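Student: Chain by chain, the residues run as shown.
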Amino acid sequence: MLEILFVSLLGSSFGIALGLLPGMHINNVIPLILSLSAFFNSPYLLAIFVVSTAITQIFVSYIPSIFLGAPEEGTSLAVLPGHRLLLEGRGYEAIKLTVIGSVGSLIFGIIVITLLKDVFGYVYEISRPYIHFCISGVAVFMILSEKKAKKILSASLVFALSGIFGVMVLNSSVLSSKNALFPILSGLFGLSLLVANTSEKSKIPSQQGDSRLNISKIEMIKSIFLGTVAGIMVGLLPAIGVSQAATLVQLGGGEGRNFLVTISGINVANEVFSLISLFLVGNPRSGASVAIQTILGELSGWDVVLLVGVICFTSGLAAVITLYLGKKIPKFLARLNYKMISISIILFVSSLVFILNGPAGILILLTAISIGLTANYLGIRKGHCMGCLLLPSIMFFAGLNPLIISILRI
Amino acid sequence: MDLKNNKLIIICFLSSLTGIALIYVAAIRMQPATIELKEINSNLVGKAVTTEGFITYKSSHPAGHFFLTISENDKKVQVPLFAGFMSELKKVGIGEKDFKSKARIVVTGTVDEYRGQLQIVPRKVEDIKIIRD
Chain A
1 MLEILFVSLL
11 GSSFGIALGL
21 LPGMHINNVI
31 PLILSLSAFF
41 NSPYLLAIFV
51 VSTAITQIFV
61 SYIPSIFLGA
71 PEEGTSLAVL
81 PGHRLLLEGR
91 GYEAIKLTVI
101 GSVGSLIFGI
111 IVITLLKDVF
121 GYVYEISRPY
131 IHFCISGVAV
141 FMILSEKKAK
151 KILSASLVFA
161 LSGIFGVMVL
171 NSSVLSSKNA
181 LFPILSGLFG
191 LSLLVANTSE
201 KSKIPSQQGD
211 SRLNISKIEM
221 IKSIFLGTVA
231 GIMVGLLPAI
241 GVSQAATLVQ
251 LGGGEGRNFL
261 VTISGINVAN
271 EVFSLISLFL
281 VGNPRSGASV
291 AIQTILGELS
301 GWDVVLLVGV
311 ICFTSGLAAV
321 ITLYLGKKIP
331 KFLARLNYKM
341 ISISIILFVS
351 SLVFILNGPA
361 GILILLTAIS
371 IGLTANYLGI
381 RKGHCMGCLL
391 LPSIMFFAGL
401 NPLIISILRI
Chain B
1 MDLKNNKLII
11 ICFLSSLTGI
21 ALIYVAAIRM
31 QPATIELKEI
41 NSNLVGKAVT
51 TEGFITYKSS
61 HPAGHFFLTI
71 SENDKKVQVP
81 LFAGFMSELK
91 KVGIGEKDFK
101 SKARIVVTGT
111 VDEYRGQLQI
121 VPRKVEDIKI
131 IRD
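Those protein sequences? They're chains A and B, same order as listed. The numbering of the first sequence is my numbering, which starts it at 1 and goes up by one. The numbering of the second sequence is my numbering, which starts it at 1 and goes up by one.
It is worth saying that the hints were derived from the structure and are not from the lab. Since the model is a prediction, treat every value here as computed from it, not as a measurement. Possibly wrong hints are sitting among the right ones.
[Unchecked claim] When the alpha-carbon atoms are kept at most 20 Å apart in a straight line, the in silico SDA-like pairs for lysine to any residue are as follows:
hint: 1; chain 1: B; residue 1: 47; chain 2: B; residue 2: 26
hint: 2; chain 1: B; residue 1: 47; chain 2: A; residue 2: 150
hint: 3; chain 1: B; residue 1: 47; chain 2: A; residue 2: 379
hint: 4; chain 1: A; residue 1: 150; chain 2: B; residue 2: 56
hint: 5; chain 1: B; residue 1: 7; chain 2: A; residue 2: 157
hint: 6; chain 1: B; residue 1: 7; chain 2: A; residue 2: 366
hint: 7; chain 1: B; residue 1: 91; chain 2: A; residue 2: 407
hint: 8; chain 1: A; residue 1: 151; chain 2: B; residue 2: 91
hint: 9; chain 1: B; residue 1: 91; chain 2: A; residue 2: 408
hint: 10; chain 1: A; residue 1: 151; chain 2: B; residue 2: 102
hint: 11; chain 1: A; residue 1: 150; chain 2: B; residue 2: 11
hint: 12; chain 1: A; residue 1: 382; chain 2: B; residue 2: 130
hint: 13; chain 1: B; residue 1: 90; chain 2: A; residue 2: 406
hint: 14; chain 1: B; residue 1: 97; chain 2: B; residue 2: 63
hint: 15; chain 1: B; residue 1: 47; chain 2: A; residue 2: 382
hint: 16; chain 1: B; residue 1: 47; chain 2: A; residue 2: 305
hint: 17; chain 1: A; residue 1: 151; chain 2: B; residue 2: 9
hint: 18; chain 1: A; residue 1: 382; chain 2: B; residue 2: 8
hint: 19; chain 1: B; residue 1: 47; chain 2: A; residue 2: 151
hint: 20; chain 1: A; residue 1: 150; chain 2: B; residue 2: 6
hint: 21; chain 1: B; residue 1: 7; chain 2: A; residue 2: 407
hint: 22; chain 1: B; residue 1: 4; chain 2: A; residue 2: 196
hint: 23; chain 1: B; residue 1: 91; chain 2: A; residue 2: 34
hint: 24; chain 1: B; residue 1: 129; chain 2: A; residue 2: 382
hint: 25; chain 1: B; residue 1: 129; chain 2: A; residue 2: 157
hint: 26; chain 1: B; residue 1: 90; chain 2: A; residue 2: 256
hint: 27; chain 1: B; residue 1: 129; chain 2: A; residue 2: 407
hint: 28; chain 1: B; residue 1: 47; chain 2: A; residue 2: 357
hint: 29; chain 1: B; residue 1: 7; chain 2: A; residue 2: 219
hint: 30; chain 1: B; residue 1: 47; chain 2: A; residue 2: 157
hint: 31; chain 1: A; residue 1: 151; chain 2: B; residue 2: 10
hint: 32; chain 1: B; residue 1: 90; chain 2: A; residue 2: 357
hint: 33; chain 1: B; residue 1: 102; chain 2: B; residue 2: 131
hint: 34; chain 1: B; residue 1: 91; chain 2: A; residue 2: 400
hint: 35; chain 1: A; residue 1: 382; chain 2: B; residue 2: 102
hint: 36; chain 1: B; residue 1: 47; chain 2: A; residue 2: 35
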């Protein structure tokens, strides 16, 4: 028991560091974590370390997203409403809303998953033959949601570029698909934003000290409900990411404070479902769940109970830490040089890519940064860069992979 | 959209295209490593390899998938041929009946691990060659 608590705390500490570092995600360090298996007495302890790191990182990652404008994919759409509140001196309220959304969605998500556990496997099986239609529909809807013709054209261009890029990298022998995701996602979503940030100067205004929430209880419950349902759908359906689900929810009228609650709810419900999906549908649905599968193989019911217990414990801890940091960090940020932070992170991630993947990794990273920057300068949502995963998934589920790969001769 | 922004868009777009072109050139020039079946292990997961072995087990799935197990000196690896892949094979005149027991095949594909079992997943028709019945 003490070992479990200690490893959970260790994982949470690692999750805090990952969450605070812009451009970093647990997927980036899973190979590193798996290589540390010799330091853990049992595979269960390593699995607990992965789960506590993943959950804490989700909670804490809103801090760089909102305060530094440096999100990861799951929190990218939270930047705008969060930043707006920060510029009104309500940065702490923005963080508090994400914590409420995360904790609310965790509780509601566990209840929904427990009640509907027998349905998911069936839904997954019957939806599989139609998944490519579903993914294509989401992609088209996402592109059309830009509304103006010029932006729709730009979004189509970025989606196509990212899609072709994803097909080339993930279906060829240039890098193993397992290793290729790090440079792809870091470049498209993390480093491209930091590169753009280096040419901008931001200043945080003095923050209001109160912890009042300017959102009604009904709105909050509605947002938690929406976030949980959308998060579970993201976990269940392959290749539909948090940003796609958040875009759909946003199109349904959500914005501002309630959107912050919803997007944080989507992130947590998705991660919880992804971890439990190993048991429910026998398929890992996130980087962390792939790691758990590698460590533990097939999960038993008791394994799930243990992991859910760790998720609950770590979430409580992460919530308290995030609220504490959300109050303290803005004061420190005024003293830091944003440009230097961004440059240091760019150098750090690039070095990591080179060490793990060599020159091919750097080529992929630079291409991903270029595509991410194209989306930035075209003024469209970064979510369109998810074409890098969506197009290969559409091809795979439509059974087109052998034909396309033969034509391309890769 | 100002002039500076337009220039940045063009620069980023062109460098994206250049990057994709370079990755494509690297992809068509890069050949998977040829290794013996016994050398395939979980450290190779995600990597493309070429190997060969005898068909020791085969089974069909109602959804159109076809699963082979190839062996060499007691080492066994699964080769899943998914429905889309099987329909491409049929176009070049290869069907389930052509994969006879004890036939020797050369397979190129990505090493994967499914429920603790190592697999080689071929990606295109040219990745499977039946060399001896």
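Student: Verify the proposed pairing of residue 151/A with residue 10/B, using a straight-line Cα cut of 20 Å.
Tutor: holds (16 Å)
Student: Between residue 91/B and residue 34/A, is the straight-line Cα distance small enough, at 20 Å or below?
Tutor: violated (42 Å)
Student: Please work out if residue 4/B and residue 196/A have their alpha carbons no farther apart than 20 Å.
Tutor: Roughly 13 Å between the alpha carbons, so the hint for residue 4/B and residue 196/A holds.
Student: Does residue 305/A lie within 20 Å of residue 47/B when you go C-alpha to C-alpha?
Tutor: violated (34 Å)
Student: Residue 7/B and residue 366/A were given as a pair; does the straight-line alpha-carbon distance stay at or below 20 Å?
Tutor: Holds, at roughly 18 Å.
Student: If you draw a straight line from the CA of residue 382/A to the CA of residue 102/B, is it 20 Å or shorter?
Tutor: violated (52 Å)
Student: Is residue 129/B within 20 Å of residue 157/A, Cα to Cα?
Tutor: violated (39 Å)
Student: Given the hinted pair residue 97/B and residue 63/B, is their Cα-Cα distance within 20 Å?
Tutor: holds (17 Å)
Student: Between residue 7/B and residue 219/A, is the straight-line Cα distance small enough, at 20 Å or below?
Tutor: Violated. Residue 7/B to residue 219/A sits at ~44 Å, over the 20 Å cutoff.
Student: Does the structure keep residue 129/B and residue 382/A at a Cα separation of 20 Å or less?
Tutor: Cα-Cα ~43 Å, so violated.
Student: Given the hinted pair residue 47/B and residue 382/A, is their Cα-Cα distance within 20 Å?
Tutor: The hint is violated at about 29 Å.
Student: Has the given pair, residue 151/A with residue 9/B, been kept, meaning a C-alpha gap of at most 20 Å?
Tutor: holds (13 Å)
Checked against the numbered hints above, the structure violates hints 2, 3, 4, 8, 10, 12, 15, 16, 19, 21, 23, 24, 25, 26, 29, 30, 32, 35; every other hint is satisfied.
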